[in-house]
Amino acid sequence: MYKHITVSGADAVEFLQGQLTQDVNQLERTGKLSAALCNPKGRVICTLTLVQKPDSIGLLIPATIAEAVLKRLTMYRMRSAVEFVVDEAASNSASAEVDPRALIHAGIPTIDTSNSEKFTPHMLNLDKLDAISFTKGCYTGQEVVARTENLGKSKRRMHRYEADKDGIRVGDKLMLDDRNIGEVVNVVERDILAVTPVDSHAKSLAHECALLNPVTLPYAF
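The sequence shown begins at 108 in my numbering and counts up one residue at a time.
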């Protein structure tokens, strides 16, 4: 489920530029962009999609975290000429169009209340999903994101797995050789996205109730 928050006002673009990982100025050209909202430590609060509208910008946000995000954006608004409105009709339409299993197969993470502020954008492969601009100005968490990019690598990345049994939940820990090495990000039945060390991505991992076998993502890193 998703909520559609409409952002309008003379300062809408400038305000969102200072909050999101994406270059909002490109939205007019592309019509739609993937992005993330981070905390000051560079951890992803939520993933979202930006949509260009005639006189405003739409934010498609996971429903469970939409209220918290709305409060956060309102708090940071200060004196900016920007308004936020929840569009319920657009929310229902967006929710009907999204297939959670298809997102997992595409290697696209969903960050909401169940996994908020745990992972950096690079851990979630957002740099490979064109959800980060490294040429725009500053935004909350930008220093951490830029530092990781400048180092040239992230030791932990999101990988796709398929479990041999049901019962896996978001946040569950994954083991290799009796060591806790990973955490489940998203799951639909036996289809799983999990953040694990890059050097172990080709190995099967153990869960308390299942064995997880690696599945190749549709993009490389």
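Careful: at least some of the hints might be erroneous.
[Said to hold, decoys possible] Listed next, the in silico BS3-like pairs over lysine-lysine satisfying Cα-Cα at most 27 Å (straight line): (1) K225 x K260; (2) K243 x K272; (3) K139 x K178; (4) K178 x K225; (5) K160 x K272; (6) K260 x K272; (7) K160 x K148; (8) K260 x K235; (9) K235 x K139; (10) K260 x K148; (11) K225 x K160; (12) K178 x K243; (13) K280 x K160; (14) K148 x K272.
[Claimed, not checked] Taking CB as the label site, the calculated pair distances span: (15) D206 x C245: 41 to 47 Å; (16) P207 x A117: 44 to 50 Å; (17) K272 x K160: 23 to 29 Å; (18) F328 x E135: 15 to 21 Å; (19) A117 x D271: 39 to 45 Å; (20) K310 x Y183: 19 to 25 Å; (21) T137 x A170: 22 to 28 Å; (22) G125 x V295: 17 to 23 Å; (23) S202 x Q159: 30 to 36 Å.
For the record, the hints were derived by calculation from the structure and aren't laboratory data. Glycine residues also receive a C-beta, built at the ideal position from the N, C-alpha and C atoms.
Right, here's what the structure says about each hint:
1. K225 x K260: Roughly 18 Å separates the two Cα atoms, so the pair holds.
2. K243 x K272: violated (44 Å)
3. K139 x K178: Within the cut-off at roughly 24 Å; holds.
4. K178 x K225: holds (20 Å)
5. K160 x K272: Violated, at roughly 43 Å.
6. K260 x K272: The given pair, whose Cα atoms are some 33 Å apart, is violated under the 27 Å limit.
7. K160 x K148: Violated: K160 and K148 sit about 31 Å apart, past 27 Å.
8. K260 x K235: Status holds; Cα separation ~12 Å.
9. K235 x K139: With Cα atoms ~16 Å apart, K235 and K139 stay inside 27 Å; holds.
10. K260 x K148: It holds: about 18 Å lies between the C-alpha atoms, which stays within 27 Å.
11. K225 x K160: Violated - the C-alpha atoms of K160 and K225 are around 31 Å apart, more than 27 Å.
12. K178 x K243: holds (25 Å)
13. K280 x K160: violated (41 Å)
14. K148 x K272: With Cα atoms ~36 Å apart, K148 and K272 exceed 27 Å; violated.
15. D206 x C245: 41 to 47 Å: Roughly 35 Å apart at Cβ, these two residues miss the hinted range, so it is violated.
16. P207 x A117: 44 to 50 Å: Distance hint for P207, A117 is violated at roughly 36 Å.
17. K272 x K160: 23 to 29 Å: Violated - the Cβ-Cβ distance for K272 and K160, about 44 Å, lies outside 23 to 29 Å.
18. F328 x E135: 15 to 21 Å: With Cβ atoms ~29 Å apart, the hint is violated.
19. A117 x D271: 39 to 45 Å: Hint violated: Cβ distance 55 Å, outside 39 to 45 Å.
20. K310 x Y183: 19 to 25 Å: The hinted range 19 to 25 Å is violated for K310 and Y183, with Cβ atoms some 42 Å apart.
21. T137 x A170: 22 to 28 Å: holds (24 Å)
22. G125 x V295: 17 to 23 Å: With Cβ atoms ~34 Å apart, the hint is violated.
23. S202 x Q159: 30 to 36 Å: violated (20 Å)
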